[in-house]
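Trainee: Could you slot chain B onto chain A? The hints should help.
Top line first, the protein sequences correspond to chains A and B.
Quick note, my numbering runs 392 ahead of the 1-based positions in the first sequence.
Quick note, my numbering runs 40 ahead of the 1-based positions in the second sequence.
Just so you know, these hints were derived from the structure itself, not from any lab.
Cβ atoms here follow ideal geometry from the backbone N, Cα and C, with glycine treated the same way.
Certain hints may be false.
[Claimed, not checked] Covered stretches of chain B (in silico footprint by chain A; criterion: 3 or more residues with CB under 8 Å from a CB of chain A, positions within the stretch not fixed):
id	region
1	135–147
2	164–173
[Said to hold, decoys possible] Have a look at the derived ranges for each label pair, beta carbon to beta carbon:
id	chain 1	residue 1	chain 2	residue 2	range
3	A	Leu807	B	Gly102	38 to 46 Å
4	A	Gly824	B	Lys137	52 to 60 Å
5	B	Lys295	A	Arg872	47 to 55 Å
6	B	Leu289	A	Leu397	47 to 55 Å
7	A	Leu868	B	Gly102	40 to 48 Å
8	B	Gly102	A	Arg872	35 to 43 Å
9	B	Asp232	A	Arg793	27 to 35 Å
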Amino acid sequence: MGIVLRLSMRNLAASRLRVALTTFAVLLGVSFVVASFVLTDGLLDTFDTIIEEANAEVDAEVRARSDFDEVQFTARPIDEALVGVVRAVDGVAAAEPATQSMKIVPVRADGEPIRTTGAPILSFNWSDSPLDPLTLVEGQAPAGPGQFVIDQGTADREGLVVGGTYDVIGAAGREPFQLVGLSRFGDANSLGGAILVSYTLDELQRLDGSEGLIQWIAVGAEAGVEPDVLVERLEAALPDDVEAVTGEVVVQEGQDAFSGFIRIFGNILLGFALVAVFVSTFIIANTFNILLSQRVRQLGLLRALGASSRQVRASALVEALIVGLVASVLGLGFGVLLAFGLRAIMDALGFGLPAIDVVMSARTVVVAVAVGVGVTLAASLIPARRAASVPPVATLRSGYRFGAGEGARRTTFGLGLGVLGAVGMGVGLFGGIDETVLLLVCVAGGAVLVFVALSMLAPLFSSPSAAALGAPLEHLPGRRITGHMARGNAARNNVRTASTATGLMIGLALIAMATVVADSLKASVRAELRSTLTADLVVSQSFGGNFSSELVGELDAIPGLAQVAPLRFGVVRIDGTETGFTATDLTQLTEVFDIDVREGDPASVADPGHVIVTRDTATDRGLGVGDPLTVEFAATGVQTLTVGAIYTNDFILGDYVIDLSAWDANVDSRDDGMIVATLAPGAEIAATDAAVAALADTFPNLEFETRDEFRERFEGELDSLLVIINVFLGLAIVIALLGITNTMALSVLERTREIGLMRAVGMTRRQTRSLIRLEAGVVSLFGALLGVVVGLVFGWLAVVAIPESAIDRLSLPVAPLVWYVVAATAAGLVAASFPARRAARLDVLDAIAQG
Amino acid sequence: MAEPTTTDRATAPGLSLERPWAARAVGLAKVYGQGNTRVVALDRVDVGFEAARLTAIMGPSGSGKSTLLHCMAGLDQPTEGQVWIGDTLISDLNDRKLTLLRRQRLGFVFQAFNLVPTLTAAENIDLPLLLAGREPDAEWRSQVVESLRLGDRLHHQPDELSGGQQQRVAVARALINRPDIVFADEPTGNLDTGSSHEVLACLRSAVDDWHQTVAMVTHDPGAAAHADLVLFLRDGRLVGRLEQPTATLVLDRLKELEG
Chain A
393 MGIVLRLSMR NLAASRLRVA LTTFAVLLGV SFVVASFVLT DGLLDTFDTI
443 IEEANAEVDA EVRARSDFDE VQFTARPIDE ALVGVVRAVD GVAAAEPATQ
493 SMKIVPVRAD GEPIRTTGAP ILSFNWSDSP LDPLTLVEGQ APAGPGQFVI
543 DQGTADREGL VVGGTYDVIG AAGREPFQLV GLSRFGDANS LGGAILVSYT
593 LDELQRLDGS EGLIQWIAVG AEAGVEPDVL VERLEAALPD DVEAVTGEVV
643 VQEGQDAFSG FIRIFGNILL GFALVAVFVS TFIIANTFNI LLSQRVRQLG
693 LLRALGASSR QVRASALVEA LIVGLVASVL GLGFGVLLAF GLRAIMDALG
743 FGLPAIDVVM SARTVVVAVA VGVGVTLAAS LIPARRAASV PPVATLRSGY
793 RFGAGEGARR TTFGLGLGVL GAVGMGVGLF GGIDETVLLL VCVAGGAVLV
843 FVALSMLAPL FSSPSAAALG APLEHLPGRR ITGHMARGNA ARNNVRTAST
893 ATGLMIGLAL IAMATVVADS LKASVRAELR STLTADLVVS QSFGGNFSSE
943 LVGELDAIPG LAQVAPLRFG VVRIDGTETG FTATDLTQLT EVFDIDVREG
993 DPASVADPGH VIVTRDTATD RGLGVGDPLT VEFAATGVQT LTVGAIYTND
1043 FILGDYVIDL SAWDANVDSR DDGMIVATLA PGAEIAATDA AVAALADTFP
1093 NLEFETRDEF RERFEGELDS LLVIINVFLG LAIVIALLGI TNTMALSVLE
1143 RTREIGLMRA VGMTRRQTRS LIRLEAGVVS LFGALLGVVV GLVFGWLAVV
1193 AIPESAIDRL SLPVAPLVWY VVAATAAGLV AASFPARRAA RLDVLDAIAQ
1243 G
Chain B
41 MAEPTTTDRA TAPGLSLERP WAARAVGLAK VYGQGNTRVV ALDRVDVGFE
91 AARLTAIMGP SGSGKSTLLH CMAGLDQPTE GQVWIGDTLI SDLNDRKLTL
141 LRRQRLGFVF QAFNLVPTLT AAENIDLPLL LAGREPDAEW RSQVVESLRL
191 GDRLHHQPDE LSGGQQQRVA VARALINRPD IVFADEPTGN LDTGSSHEVL
241 ACLRSAVDDW HQTVAMVTHD PGAAAHADLV LFLRDGRLVG RLEQPTATLV
291 LDRLKELEG
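So here's chain A without its partners, still in its complex pose:
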């Protein structure tokens, strides 16, 4: 073993505890990265298997032809009679009609409808054919009217028993059904948290309101007939607007649909993981820097004895390499555990994730090691460089300052990086980049540079800041002297204070930014709701699903309601791009929404041939009232509509609105996505409330809300999202706190003699402890404040950059920000407890003898 490696190993062994803390910081970051991969891969693997097994017997599928990428809003049913056509095709062994609905809700014995936390309630038609992925595990299959089967997982959870009678809410409202059996999907009890319910085809169509229509036909081939051949024959027999695809294609599409969603989820996790890794980089750099600076005399001795500066640098880098490798390997194991933990937590929160197998792909291992080793090495580059430049005389004279004389260079470099980062962020946010990846690289890369630059510039003001922030400590009752000294210590080493605070700064900056953006979004939506939505009642499905249009009629019948306007949401293709649109009753539109019409009159173009567009769209496309707009519908293909009016406020409605008559002419579905209604002038509030409440009872799956309730629910959802984001960012804070623990522990070591002296002249253990804690508190407060300031700036930039249609105002949530700073400072005090205890336990004589 070479002397360089030997020295590195011994040095690591000699400062085990510090190294362990550093390793832990790297390990946390690596584990998070690994967990996001393992969870994503595991889920992909599981869903792939589920979908494959579910379609194992399907050789071909017949369905409506569509070239739209978006499927949920463009799906069209086909005629049930096609089943006969398919069965008659040569080579077809079996053909099973299939339909599914998300509009039917079973009700528990206690009268509460079954709810999920995000996944839909999927209703299928039961068939005993092997083409059906559902298998019966208990009882019987639904064989006639009034019978249903539900998946075992849901039955267990919701307390449904076979043989029991439960209400089911369908298109026509509540009616009693009997639970005749329990089912399972493939090998899984559940499908991504979805609730699976089965009826006979006739019952399902009636409950869904789609009599005579089905969504697809699953086809099994006779032995010896290749799927390709089968598809060809089917295509020949079917009408033009119906297509046949092989089972393989169906599986692939299903897997793609899931993988897209899972990948997005995985990438978000990965993003948080990278934030954690980034923060740990600063912790590592700081720790190595302190460790090496404490070894200055040894470094000088080595140089005096003939070690080249390269050898000294190599020795420092090898130390980092070992730490990185150990952290990566441990991180791989820890990451797997974390993945399972995350899955369990999300499952418990109702996201209904299936059990996963450990999928440890080569990519995961490579990335884990690359991140662990790369980050540690990168972080130790500068400390190692400093170590290499320690002159031999450093071993002979005390007072050599590690990394001395870098101030000016660091400032210049920091300024350069800061400018570069700001430009990157500027280009990303305001450069009009369409490419998502490029945009992310610009913004995230820019932010990273800005953070690095700040950490380099912070030493310029860290000492006076710490002194200023610590000033109140001088007046702490009974702790004046410790307060005074803690303040001095926090201000003593400007570089160290700055780099210790940096980790906390990054974490808090991101949290503050997320909070500012969320608060601004809330404020914008609140203002939009107030100014745009003039309706008094809003009916919607809490998960954004559709519901039967019969409800409009029932609401219309309530005398206290004046306008009742349904909203339907669809997708069309304009100029090759799929874009959302809204259909509503144009004659009522201006009564329920204040859309600020600039030109034309929506009510006068309530016919199938017109579309109204926002002013932005009109400007972009050079449209005026009376101009033609070519729109492609999934069902009816290319249609030319005439622009009938131009409006400004796109809240809820979006850029294109057509009349219900135009919808009916071009879209198969008759379902509504939302209903807005206004109170009639002089309506009896109590009577109207009661009538609406009665309807709400019949449709417990729908939300009947006043405008304020609608807004509060929206804000509540936003708040939950913010909590989740902040919890994930909290990991970065934990790592930053580890850094504070580490730095304080190293400082205590460095000041052993000093602490011994103070103990000798009468400082109590208590005072010693509070001295260390208060210093950490001051440093944390500095980092937290800096972070919040940076976060405010980032948040403000984000708010300016986000299109006005989403966020049009800046709102500063003062209370949460203050609370974050207080919490971070308190956490810093706690993080210093361990080093504080160590300092207090030092033996006075030993401590003085050292140095």
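Mentor: Frame of chain A, contents of chain B only:
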């Protein structure tokens, strides 16, 4: 002062030499700070250390004796002047070459913090060779270890050794590469009388038995008495020399200097 000094010979470095110099310097100056804080540690000193002799450097605190040693050893950059190790002019060497020179041709013994605490005694002894990636000469190594009576201490960590033992390990390390010259900076400064004597005896026998060259800074007349020659420094200047010193003679001379 009627004593002749070494400066006579050192002022003419190009001339043939009566005795080979292991190290010498011409016009060596070292100035710290600027303006009001300017301190002249060495004031254009000409000096040489003869091969196979033990030369002691003495002087009051602040006389520049340690600075002289550091500059001669290439540990510190002189402000002015030239330094030779053997025939090599080290003032011209870059950091890499200087490092190689230290590794191959110089040995060091310092007052304190002499050993790498994470390495064993044996590893510390071999350190210069290990750094150079060379194998120790087994015979020489065992001679050195035996002569310094370290045989049973080789696998101990420095903190398991007494001060005297630590310093003997340092001497062994300084000798391991048979250097042109060993620079010892107050090698007994931190030791009790007994340990001091051990260490000095080691240095003495290195010169007598192996013809090694040692230059030693010390403030202890007793230590200086082990030398063949004592050079006296005051205010950054060489002010005297004493051949075949004894502790008493050295003390007298020091009193003269300080008085």
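Trainee: Now tell me, hint by hint, if it's right for this structure.
Mentor: Here is how each hint holds up against the structure:
1. 135–147: holds (count 8)
2. 164–173: holds (count 6)
3. A:Leu807 / B:Gly102: 38 to 46 Å: 43 Å, holds
4. A:Gly824 / B:Lys137: 52 to 60 Å: Holds: the Cβ-Cβ distance is about 57 Å, inside 52 to 60 Å.
5. B:Lys295 / A:Arg872: 47 to 55 Å: The hinted range 47 to 55 Å holds for lysine 295 of chain B and arginine 872 of chain A, with Cβ atoms some 52 Å apart.
6. B:Leu289 / A:Leu397: 47 to 55 Å: 51 Å, holds
7. A:Leu868 / B:Gly102: 40 to 48 Å: Taking Cβ atoms as reference, leucine 868 of chain A and glycine 102 of chain B lie about 45 Å apart, which means the hint holds.
8. B:Gly102 / A:Arg872: 35 to 43 Å: Taking Cβ atoms as reference, glycine 102 of chain B and arginine 872 of chain A lie about 41 Å apart, which means the hint holds.
9. B:Asp232 / A:Arg793: 27 to 35 Å: 33 Å, holds
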